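*Asks:* Letter by letter, the chains look like this.
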Amino acid sequence: MNCLLEPFQYSFMRQALLASLLIGSTCSLLGVYVVLRRMAFLGDAVAHTTLPGLVIAHLNHWNLFLGAIVAAVVTALGIGWLSRGHRLREDTAIGVIFSGMFALGIVMISRVRSYRDFSHMLFGNVLGVTTADLVGISLVSFLVCAALLLVNKELMLTTVDPLHGESIGLSAERIRYLLLILLALTVVTGIQAVGVVLTTALIVTPAASASMITRRLDRMLLLAVGFSASSSVAGLYASYYLSISSGGAIVLACTILFGVAYLATRVHCRRFPSRWSRTARPVVAHEMAPTADARAAGTLIAPSPILGSERNETGHG
Amino acid sequence: MARGIRTPRTAAPNAARRRRRVMFGVMFGVMFGVMSALIVPRAGVARDGVARDGERIESHADGPADASSLHDPFVRVITLSDHNTRVVLLGTMALGASGGVIGVFMLLRKQTLVGDVVSHAALPGVAIAFLAMEWIEPGTGKSLPGLLVGAALSGIAGVLCVQAIGRWTRVKEDAALAVVLSVFFGVGIALFTIVQRLPSGNAAGLAHFIYGKAAAMKADDVWFIGGAAMLAVATCAALFKEFRLVAFDARFAAVQGWPVAVLDSVLMGLVVLICVIGLRSVGLLLVVAMLTVPAAAAQCWSERLATMGVIAAMFGAFGAGLGVAISAAVPRVATGATIVLCGSAVFLASLAVGTRHGLVWRFARAARREASSMPSAEEGHPGQGGP
Numbered sequence: 019m020n021c022l023l024e025p026f027q028y029s030f031m032r033q034a035l036l037a038s039l040l041i042g043s044t045c046s047l048l049g050v051y052v053v054l055r056r057m058a059f060l061g062d063a064v065a066h067t068t069l070p071g072l073v074i075a076h077l078n079h080w081n082l083f084l085g086a087i088v089a090a091v092v093t094a095l096g097i098g099w100l101s102r103g104h105r106l107r108e109d110t111a112i113g114v115i116f117s118g119m120f121a122l123g124i125v126m127i128s129r130v131r132s133y134r135d136f137s138h139m140l141f142g143n144v145l146g147v148t149t150a151d152l153v154g155i156s157l158v159s160f161l162v163c164a165a166l167l168l169v170n171k172e173l174m175l176t177t178v179d180p181l182h183g184e185s186i187g188l189s190a191e192r193i194r195y196l197l198l199i200l201l202a203l204t205v206v207t208g209i210q211a212v213g214v215v216l217t218t219a220l221i222v223t224p225a226a227s228a229s230m231i232t233r234r235l236d237r238m239l240l241l242a243v244g245f246s247a248s249s250s251v252a253g254l255y256a257s258y259y260l261s262i263s264s265g266g267a268i269v270l271a272c273t274i275l276f277g278v279a280y281l282a283t284r285v286h287c288r289r290f291p292s293r294w295s296r297t298a299r300p301v302v303a304h305e306m307a308p309t310a311d312a313r314a315a316g317t318l319i320a321p322s323p324i325l326g327s328e329r330n331e332t333g334h335g
Numbered sequence: 002m003a004r005g006i007r008t009p010r011t012a013a014p015n016a017a018r019r020r021r022r023v024m025f026g027v028m029f030g031v032m033f034g035v036m037s038a039l040i041v042p043r044a045g046v047a048r049d050g051v052a053r054d055g056e057r058i059e060s061h062a063d064g065p066a067d068a069s070s071l072h073d074p075f076v077r078v079i080t081l082s083d084h085n086t087r088v089v090l091l092g093t094m095a096l097g098a099s100g101g102v103i104g105v106f107m108l109l110r111k112q113t114l115v116g117d118v119v120s121h122a123a124l125p126g127v128a129i130a131f132l133a134m135e136w137i138e139p140g141t142g143k144s145l146p147g148l149l150v151g152a153a154l155s156g157i158a159g160v161l162c163v164q165a166i167g168r169w170t171r172v173k174e175d176a177a178l179a180v181v182l183s184v185f186f187g188v189g190i191a192l193f194t195i196v197q198r199l200p201s202g203n204a205a206g207l208a209h210f211i212y213g214k215a216a217a218m219k220a221d222d223v224w225f226i227g228g229a230a231m232l233a234v235a236t237c238a239a240l241f242k243e244f245r246l247v248a249f250d251a252r253f254a255a256v257q258g259w260p261v262a263v264l265d266s267v268l269m270g271l272v273v274l275i276c277v278i279g280l281r282s283v284g285l286l287l288v289v290a291m292l293t294v295p296a297a298a299a300q301c302w303s304e305r306l307a308t309m310g311v312i313a314a315m316f317g318a319f320g321a322g323l324g325v326a327i328s329a330a331v332p333r334v335a336t337g338a339t340i341v342l343c344g345s346a347v348f349l350a351s352l353a354v355g356t357r358h359g360l361v362w363r364f365a366r367a368a369r370r371e372a373s374s375m376p377s378a379e380e381g382h383p384g385q386g387g388p
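Residue numbers (this note's numbering), protein chains in the order written: chain A, 19 to 335; chain B, 2 to 388.
It cannot be assumed that every hint is accurate.
Pulled a few chain B residues facing chain A out of the computed Cβ check, cut under 10 Å [what the hints assert, rightly or not]:
| # | residue |
| --- | --- |
| 1 | Gly116 |
| 2 | Thr236 |
| 3 | Ala238 |
| 4 | Leu287 |
| 5 | Ser328 |
Calculated from the structure, these hints are not laboratory results. On a predicted model such as this, the values are computed, not experimentally measured, just so you know. Just so you know, even glycine gets a beta-carbon here, dropped at the ideal spot from N, CA and C.
Whenever a hint applies, use it, and build me the whole structure from the sequences.
*Replies:* Pasting the structure below:
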């Protein structure tokens with residue numbers, strides 16, 4: 019008991035806990051949509067491209083938080099505009115833009131001083147969060163969560179069935195830009211906790227773990243928040259007792275949970291195969307019962323117990 | 002590929018071809034001009050050196066120059082009078098050229114982000130190799146071959162993890178890439194904090210792997226980089242037909258009986274090779290740009306694979322050379338990042354005036370269409386998605 023409470027007699031640890039819980043829940047809530055819409059690398063790109071904004075803000079003694087937010091929003095909109103209408107393929111656009119902007123940031127850093135001042139931007143330092151930072155983080159978290167709550171229905175629809183959304187008059191484009199802006203805001207808070215490079219993990223990993231376990235969006239959101247909260251706490255303990263970098267520890271804890279979630283789904287799959295296949299498993303062609311349609315089409319596919327135990331991504335899910 | 006059935010983009014294909022040739026010429030003319038501006042003055046300064054004192058020309062011609070007559074750092078760089086600058090220039094240009102060639106195949110195989118994973122995943126390998134070598138024999142932790150082997154092994158492990166996640170879980174590929182990338186990097190960062198606490202582990206030498214330090218390149222390293230680059234390009238040339246087939250239509254290749262998995266593994270091996278040799282000079286955060294940026298720029302110029310490869314190699318070498326020259330001339334500028342910035346500038350120029358999808362031509366065409374206000378047949382031409 020004592021060893022559980024010991025770290026939190028320090029005020030900086032209490033603040034770090036609060037900050038990482040806030041950041042973790044916001045990131046993972048948004049992360050669910052990011053993972054479902056296959057935008058994982060967009061978060062990475064936005065995180066990397068905030069670096070020049072941070073450096074400029076730092077050099078001019080502006081507020082770092084605001085500088086990062088401006089840079090992130092500008093990049094998110096820029097990537098959205100560039101990859102709109104297939105002007106550039108999205109992964110090419112992301113790869114080129116983010117390495118270019120990141121290089122610009124590093125050149126600016128190396129121009130003014132040594133890397134050491136900026137290493138906490140790259141690798142994050144949640145233990146150094148000040149009260150003012152905490153206020154900013156809570157504001158942004160509140161904003162993002164409120165926006166997600168308000169447009170949850172529309173987001174869900176455009177994620178799952180964009181065509182239906184279009185046909186009932188929802189602008190998928192507008193929703194996408196909204197998501198990009200929210201992503202930019204979230205990434206900036208994530209940078210405070212775990213740094214530029216690891217923010218993606220905070221966004222993607224809990225959501226990916228949750229998406230392995232359930233297919234229902236509401237449960238996925240809850241699970242993702244739970245995963246990220248518990249890994250924040252575990253990561254802070256690990257960082258305190260093993261004295262390793264806090265950002266790395268939090269991300270590692272997220273990943274261990276990812277592994278646990280995977281093992282859990284495997285075990286569950288063995289035990290309750292029927293339930294598993296109904297809730298969380300893509301239906302594979304060769305284990306479909308021969309339905310009336312299949313029989314009508316003359317393609318009778320025998321269910322095979324041996325193949326049935328394997329996962330087949332190319333199946334008609 | 003499919004030259005005969007390519008739909009003409011303009012009313013007069015001959016004009017398009019001529020314009021392409023002209024723009025090609027202009028682009029390479031500019032590149033050539035910059036490069037020769039770097040090299041030609043050397044002769045002039047050497048002649049000045051002769052004029053001032055006759056025996057100095059020997060020291061200018063080879064080896065580290067005695068710089069008594071050349072005080073200005075910029076002049077010293079553009080005259081290539083430093084042995085060090087020459088070495089770094091040669092090494093990074095070989096890296097840039099080979100990265101461009103491999104990058105074209107990566108781009109067409111739609112696996113550009115895999116390079117990112119490989120380079121980030123190399124970090125824990127570096128730290129583990131350092132710890133292991135220190136544990137076996139204290140003081141030997143910073144030997145470069147050992148660290149690079151560690152980097153290569155953990156880069157490969159990262160790729161295998163991505164493939165395993167894709168094979169056995171429901172997680173989509175981009176999420177799998179992001180998870181693996183950040184996990185390996187997180188492990189690396191955590192290990193680095195451990196390394197820093199070791200008495201011998203002043204991690205300053207290891208931090209060069211993150212940001213890159215091209216100035217630390219030695220002549221031996223250049224032989225190593227050059228050999229690896231030659232190997233990579235030679236493999237691509239030898240397997241050109243197979244790589245092309247897999248890049249454009251992997252399923253057709255599989256149906257034809259080609260070992261697609263083996264070919265993909267060879268390509269991944271080449272990517273790991275490029276990442277590892279680029280690790281020291283460009284740094285693991287940016288080495289992926291050596292693969293993606295020249296290839297993306299080349300895509301703006303041609304849709305023939307061989308042409309793309311040659312152009313990407315030229316762009317890569319040019320970006321690397323220009324970056325090294327700038328960072329040597331301007332004090333306190335990170336070389337690796339400057340190389341990437343020069344590559345990005347080349348990419349932006351190609352995006353604007355490139356003959357294949359250049360924005361300038363597109364706007365001009367749109368304006369012309371507005372002017373004539375006639376429906377044209379070029380609406381349905383394929384986008385950036387590759388030939």
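*Asks:* Could you run down the list of hints and mark each one as holding or not?
*Replies:* We went through each hint and held it up to the structure:
1. With a least beta-carbon distance of about 8 Å to chain A, the hint placing Gly116(B) at the interface is held under the 10 Å criterion.
2. Because the closest C-beta pair between Thr236(B) and chain A is about 23 Å apart, greater than 10 Å, the hint is violated.
3. Nearest Cβ of chain A to the Cβ of Ala238(B): about 24 Å, over the 10 Å cut. The hint is violated.
4. Residue-level restraint check for Leu287(B) holds (minimum Cβ-Cβ distance to chain A is 6 Å; threshold 10 Å).
5. Proximity of Ser328(B) to chain A holds as hinted, the smallest CB-CB distance being about 9 Å (cut-off 10 Å).
In summary, the structure is inconsistent with hints 2 and 3 from the numbered list given earlier, while agreeing with the others.
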